[in-house]
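Residue numbers (the numbering used here), protein chains in the order written: chain A, 1 to 185; chain B, 186 to 675; chain C, 676 to 1077.
The hints are simulated quantities; they were obtained by calculation from the structure and are not laboratory data. From the three backbone atoms N, C-alpha and C, an ideal C-beta is built for every residue, glycine too. Hints may be right or wrong, so weigh each one.
[Claimed, not checked] Calculated cross-link-like contacts (lysine-lysine; reagent style DSSO-like; alpha-carbon spacing at most 27 Å):
(1) K177(A) to K345(B)
(2) K219(B) to K1007(C)
(3) K746(C) to K758(C)
(4) K1007(C) to K177(A)
(5) K539(B) to K291(B)
[Claimed, not checked] Listing some non-contacts, in silico: residues in chain A with all C-beta distances to chain C over 12 Å:
(6) Q8
(7) T51
(8) G93
(9) F100
(10) A161
(11) F174
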Amino acid sequence: MFGLEFDQIFFVLIAAVTLGFSVLVVTMRNLFHAALALMVAFLGVAVTYVTLGAGFLAMAQLLVYIGAISILIIFGIMMTRRIMSAEEEPFNGQAGLAAFTAVIFFAFTTYVFINYWPAVPAVSPLAMAPEVDPAMIDNSVVLLGQAFVNPNAYVLPFEVASVMLLAALVGSVFIAKPRIQEAEA
Amino acid sequence: MDFQPPIINLLIVAPLLITMGAGLFLMLLNIFCKRDGVYYWLTLAAIAAALVQNVAMWGHEYGTFIARGSYPMVVSDNFSVFLNSILLLSGIGTLLISRNYLHRTKLERPEFYMLMLFSLSGMMMMGMANDLILVFVALELLSIPLYIMAGLAVSRDDSKESAMKYFLLGAFSSGIFVYGIALIYGATGATALPAVYAVLEAGSPLAMAGTAFLMVGFAFKIGAVPFHMWTPDVYEGAPTVVTAFMSVGAKVAGFAALLRVFTVALPAMSDAWMGALALIAALTLIIGNVVALMQTNIKRMLGYSSIAHAGYLLIGVAAAGQHSEAVGSVLLYMLAYLFTTMGAFGVVIALEHKLGEGIMLEDYKGLAKRNPWLSAAMLVFMLSLTGVPPTGGFSGKFYIFRSAVEANLWWLAIIAIMTSVVSGYYYLRVVFYMYMFDGDRTEPVYAGTALKTGLLIALVGTLWLGFFPAGWFELAYKAVIGTTQLLAGG
Amino acid sequence: MDIMELLKSLLELDLGGYLQSVGTAVWVINLIGVLNLATACMIIVIFLIWLERKVIARMQDRIGPNRVGGKYGLLQSVADATKLLSKELITPAGVDRIPYNVAPVLIVVASLLTWAVIPLAPGVIGVDLNIAVFFVLAISSVSVVTFLLAGWGSNNKYALLGAFRAVAQMVSYEVPMIVSLLVPILLARSMSTVDIVEAQGIPFIVVVPLSALIFFISALAETGRTPFDLLEADSEIVAGFHIEYSGMKFAMFFLAEFLGTLFMSAFFVVIYLSGYRFFGVEELMIGGLHIGALLGFIVFVVKVFLVYFVFIWIRATLPRVRIDQLLNFNWKFLVPLSLVLLLTVAVMDKLFLADAAQIPKAAVLMVTNIVVGWVTVELLRRRDNDGQTAVSPITEEAVTAH
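Turn these sequences into a full structure, and let the hints steer you where they fit.
Right, here's the structure in full:
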């Protein structure tokens, strides 16, 4: 079909679903529906990861984004709005300006990508190893795990990220916990 | 099993480990100990220890901590030692001026100290990170505690609003920043700064786009126009100690990473980003200084003033390609900015008798009579912020302007000088209010021992930098040598 | 067609190999496999319902189903299913149509998807993912969404409350579940279910009994069975999130629940009870025929039903817990315990037992597990004696606040 391979058709389909639902997220009036559309968009991203052979990443996407973040968003909606009819006007006065900016941004990135892709210089590691070893994909989880704790790789960002998450946790508890003595202040 | 304990040179990240470890320790301590004073002194001790360790590292070559491929993930050179010292000093300054304030506003919580230590760790890592991924993680580690600290006064709406605004815009800018990293990775296949430098070809459009996005992310953090919108609101709403902390810490850290990323990794793009930065600097100077004229709230005024100072600092960065001493002058300016701003906020805190009250310009009427020493200190800080000799602010501006002129950025230097003159109006208005008006204020001025110590240090620092800048500049210049590729040729 | 070859392939549970040898396209074989597995799972569920009713009845000194299909009432659930299928589908007014209708489909799909990574017998597995365990966790976390869909879509307060409870419960109990699963993953050095089964020369339930216990409790909560059946506590929230569903749609929730429980049994068998392995019987070869495959499958099924029996047993025995008890138990007991266990096992395994032979290693780890468990229980008992756990901190704060 149109000289496309199966993979390409599949990619286009998934991309269309992801983007279509992303648009729905920002245009739907019912916040709950918007959150559900967000989940489908996340799912589309996960499927893209699968097609790229990044199974672990796809599952992490499912677990974190759909299983946790979206649920959190839905809980947030349900706790802050009227439960059964959370209708919102999706646009405010800046919609036109935002659309204009988005179009400019889109045009800019599209221009860059279409005209200069692939842009990887010949000396870069990416260009030198264009073929990915299938064994490496099979073993990717192990390699990933080792990279996370390897002093020659990503142990420092990994540990710093955990401290960061801890800080965020402390902060969220701090903000959320009830404070009685401050009521009079 | 081929398990071998890896050889890690922990000395490189020792200051970081001290602050981070202290933060974690405080968290555990929180279970057993409910007395606030303990947290204060422990935090102070930890930051002081980190500072001592940091200063001891000056001029030493400790090798690399951990190497990814042939490029280290994090480096400790004189550049990072210098910046870390500024950051740690800002931490100490914040603690000194916060002691009494947190007490009387009932905001003293163990979480404040923990978050501050974590944030400080992130700030220090910004200057040491040698890999874009680490820069991003450090950026988040620095920002997230700040978002929460801005909302420290949970019961007040403006504090909540400030936290929310800071968080939303910060998260947005982080997203743009990551997109920039992704594009640079796409263009070079590398995230380590030296690797990016090695691979990057001039004029790669993808990397150009990536550079632009990185610039946007940094501009958000340092509060440069046109990404400055959050600054005044956040500065006003956040508790004043937090404002003081972020006006120095977050800005210095942002500049640290900006300098390292742009001069180490992206010299190939220097034509593009220098032009853009010069433009941003000009806009920042004009808007920051002009809008500051209209402020009656001293915290908002200092917010716009911090925007303006980001502009002066950006001049130095924009001149980095053509003038070898430009980066050094940026570092010197940061040092002066640290002392002056910390001092100014110290005075503001002393006058803020209740949370969010006593921070209007009106409240400074007749301060000279009520408390001559405090107003004298404020006079020095305001003069320094304006850039009047013989204060630190003048020395900083002098070196920056010199770099701009040497780098043939005449137009920028002229804008900078003119806006400095404009800034005199709003800075000296504070002085005017203090000395020329009779006040009817009766609220006490809260200047405890800690705050006085802090003000004294700030005063000494400001004047020292003003009278004897050459030695400090020598130091700042030394800090830069050997760090940036740009300077090697310049 | 070679009948003998076909028979042989059937005995070796290698129908796919046979079909491939006669030239069937791979995607057809895959389709057949998927259909087989899904249908088998659903048919087993019909039997399971009968089993559950019968066993519980016996435990409660009743007879249970005994009319339809002979003396033992074997066809009772077939009749029930037929009835449900033939009932009218009532869509209440005011439901949110898309979520309401999607939820029952999604929940069955999610329950069936996880079966893909269960090794039923040597070489018989839907797909041997290198992230199989992670896949299961991801899918089960996604299935949480369906509860919200159903609860919201029904436009019913009880349904929404039930959904909230379900989500709170499942999201919470995912944490100890993941952490306790990390222990066998650590020991097997792989997340592939096949590798984990292969690594169990000694079943992990013997090596790390505490991890198995934590997983089992979490699995109980994840499937929403007694004593954690708060999501359909009739006396409190009528029937939970599926109150507004009738006929086939209700049947699908019912089906998903049983599929989920069966899956958890199978997963438990794979992770902790060495799957299809039983003293090498799975490798048995008779006259060039790999009969071990079939035997392994039988072993697997027997083990699964044993575990499932324990599920039923608990259901017939234990009373329901309160929601605050449920969450406190999770966050203040299971999560810390599982973290401590993970750390202990990791340190022991890496530092002290790196070169140990299989049996001493297993013995040391088992003793470690027991010690960790014993110390915890002992600590809790001391604390209990001090009378500190009488009031939960949540209620305490709530009381002071008002």
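Going down the list of hints, with the structure as the test:
1. K177(A) to K345(B): Cα-Cα ~15 Å, so holds.
2. K219(B) to K1007(C): 21 Å, holds
3. K746(C) to K758(C): Given that 27 Å is the threshold and the Cα spacing comes to 21 Å, the pair holds.
4. K1007(C) to K177(A): Roughly 17 Å between the alpha carbons, so the hint for K1007(C) and K177(A) holds.
5. K539(B) to K291(B): Holds. K539(B) to K291(B) sits at ~10 Å (cutoff 27 Å).
6. Q8: 19 Å, holds
7. T51: 15 Å, holds
8. G93: 30 Å, holds
9. F100: Given that every Cβ of chain C is farther than 12 Å from that of F100(A), nearest at about 32 Å, it holds.
10. A161: Nearest chain C Cβ is 18 Å from A161(A), so the label holds.
11. F174: 15 Å, holds
Of the numbered hints listed earlier, not one is contradicted by the structure.
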